[in-house]
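Student: Here the structure of chain C is known, so what remains is to put chain D in place on it, guided by the hints.
Protein chains: 2
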Amino acid sequence: MDYAFYPGQVAVIGASEQPVSFGYHYLRHLIDYGFKGEIYPVNPHKESVLGIKAYPSLADVPGDVDFVICCVSADMIPPLLDDCAAKNVKVMHLFTARLSETGRPQAVEMERQIQEKATRLGISLIGPNCMGVYSPEAGLSFAYGLPSEPGNVGVVFQSGGAATLLIQTAALRGIRFSKAVSYGNGLLIDESDIIDYLADDPKTEIIAAYFEGIKDGKKFINSVRRAAQKKPVIAIKGGRSKAGTRAVSSHTAAIAGSNSVWKTVFNQLGVIQVRDLEEMIDQLVLFKGLPPVRGRRMGIIGGGGGKGVLAADLAEEAGLSVPPLSPEMRVQLKAILPAIWDWLSNPIDFSIWGDDAARAGEVHRLFWESRDFDCLIMQVSDDNPMGEDWWVIVVQMEVDSVIEMSRRQTKPVVAVLSAARPGFDDLENIRWRTIMEQRSRLTASKVPTFCSVTEAVQALAKFIGYWEKNK
Amino acid sequence: MDYAFYPGQVAVIGASEQPVSFGYHYLRHLIDYGFKGEIYPVNPHKESVLGIKAYPSLADVPGDVDFVICCVSADMIPPLLDDCAAKNVKVMHLFTARLSETGRPQAVEMERQIQEKATRLGISLIGPNCMGVYSPEAGLSFAYGLPSEPGNVGVVFQSGGAATLLIQTAALRGIRFSKAVSYGNGLLIDESDIIDYLADDPKTEIIAAYFEGIKDGKKFINSVRRAAQKKPVIAIKGGRSKAGTRAVSSHTAAIAGSNSVWKTVFNQLGVIQVRDLEEMIDQLVLFKGLPPVRGRRMGIIGGGGGKGVLAADLAEEAGLSVPPLSPEMRVQLKAILPAIWDWLSNPIDFSIWGDDAARAGEVHRLFWESRDFDCLIMQVSDDNPMGEDWWVIVVQMEVDSVIEMSRRQTKPVVAVLSAARPGFDDLENIRWRTIMEQRSRLTASKVPTFCSVTEAVQALAKFIGYWEKNK
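Chains as they are written, first to last, in my numbering: chain C, 3 to 473; chain D, 3 to 473.
Chain C extracted, bound-state conformation:
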């Protein structure tokens, strides 16, 4: 599979200059993402495609070809496989779809023929019916808008659309990827092969997986168990419900299993199961941004009374604890805040500070040095009732404070910054503009940041659960 992630030469079968065609897109990606090896567009009707010399067939390409991206229709694949064999092709990605996933007998038979011939010729296949390979280090991509710089998350997704969304959306929160494979119908290279590869890949520190169905359960379980022993594996099972299972069959022709079985299996294998892409990204944000968190005691800072009460409720409901302030901490608080030391609690409610607000920084420091908490949550006080100018200063100060805490690494800390969803028109308002500016700052400073306490505590509970099992 190294040949798929780091090929010396790539041929695009069906390369085109028509922007509605994937033969165009894949060639475009090789150029845009800066692929360093040889690029061979294959098109019987063109001298060149996108400024690169084209060849009428794969057989006409000079020398060997490591990796082939196939964007032509299914009936053209069997003869193409002969050309692949002649060119010593190691891996072919079949973007080509409309095979077994259609449920039509003719298409199922064609897929069987392709499988049989590729196996006989010793050519690995990724797909069919999938987006293929993203390998930013090598300059390979299957979509627009993916980061060109690599990171530490390896992706194995049956669905390419979902993989694209994951990578684009997670990138906004500072996550980068080592490589990604969308494997579709998984005809030869299946989920287990890719997991094995990512488990051994030194550039991959976390694995993010989306499965719809599994063809070889035993192989899969062995691969996942081995991978989960080496690094965190975060997985979504798609097709957990009746309607989802039906949708799976028209999507990737996979056989889905019942959710309760999957839950048990994932749990036994040490896999972190999440329900959707949003939860998956939350886990990636925590694994990237925090060291192991070895306990469930949360210190919650910031926000007014109502926010504090709700944060405590939500944290406990998620299975975390929010311990009261210890006598030692009271003594320290008394020295800083003689007027309100006995009235403060965890969560710390900013609305009772009055003239002592200027001492917030000192109290934050007490929290981050205290041994009473395993992790801190900074709820940015976007509920501050002062005028806009002051509000902006409070929000900035708290963001400064959490960035400082995070930089010091005294204790794991996450930020919660505003569940507001401004539209573009709302950015004229200083409030929403500030929120978005501070979100950029937090991301740039690598502070794990959530939009709501509910998200933060549910993600933390799952994350801490992982570290309880992996001491």
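You can take every hint at face value.
Intra- or inter-copy, both count: the list cannot distinguish identical chains.
List of simulated lysine-lysine pairs, DSS-like, C-alpha gap at most 30 Å:
1. Lys464 x Lys265
2. Lys290 x Lys471
3. Lys336 x Lys244
4. Lys464 x Lys244
5. Lys244 x Lys473
6. Lys265 x Lys232
7. Lys220 x Lys265
8. Lys471 x Lys232
9. Lys413 x Lys244
10. Lys221 x Lys464
It is worth saying that the hints were derived from the structure and are not from the lab.
Tutor: Same frame as chain C, now just chain D:
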């Protein structure tokens, strides 16, 4: 209480020009929100405050005063009450805090004295320890950045910070408010009185409530039952957990009850219980944007295969159903899409359309006219793998389509548009800019819009559950 929402005259005790003082803020709000009646700043050291003639004491104000906003410290309240009686004051809002919520015996005793004296003099009190009254129609507000135009949601929140966040954040999603009261310690006017008022208020069609604790359970239950029979009541109970209960006592000195008791009570009273502000806003969005939805059968449109599979899973897990396409619908689809009619399912997966993509609008129409679905979910296809130009067109077309569906009112429809959280710096990217522009369009067109399928289906399940009980 009409005097609190529509006063003829308002006096601000402790009016000030210091922007750190709430005597400044409340006067500022009267000016900024365009209060039409008489405004009387009271300050013994000033001739005028913010350009308005000031009075050394309330007794010096000419004529009667309907409503007083009190921003001075607790020890000044007992003598002030005598002045209030002389001026025929109907309601006084005590922004003043540091009373029973501190847990200190002296403060508890002071609060008791205030209560006794106000009762004797026949003066209603809102608070102490609260933000007071927002009545956009009259030009009263307790915070910056609240909409100045009124709407149909009435708010009764123990916590003013949480009320402020609710109103500001919900406003971004098109929600407007008839009036809001933050009642803090609820010394005289309590949650039940406000609920009674909002239940009878013709301008209030939906009630949003946040309670931390209840002083008179029987009165409360009667008020809430009566209100819930008249209009939807959406409520958060703060202080559901051990830590939350502890936080409640330092916030508003209320006695919190266990969550299981509250759950049962709310359920029996027909109250829609939500866990946090985000869930509350989701319900407000649905109640504002949709007619009653009388069944659980969802038609899901848009998004690629992986998104469709997950949407079906998440919908079923939330208690909704995603029925397969009926034979009648297959016949209609065959006429439109002869190449793929048998392969399509619910959710409709755009990634298998190929050259038929141009016919999407016709298929959408089939869905919105079909009797097989009680509600439609349009997942905007932000996972479309085409180039940026095309991607923008697809997203716009789908937003056009859902706006058109919503306008026609043939069937309830909601949109799901991107869980991405761009920071300000990300808006240079056409993708995130487009998402935010389309969010503005959807809000302007009054289409209930969510950021993720999980949010949408969980909110819909709760909303539909309400209509099942209220036929």
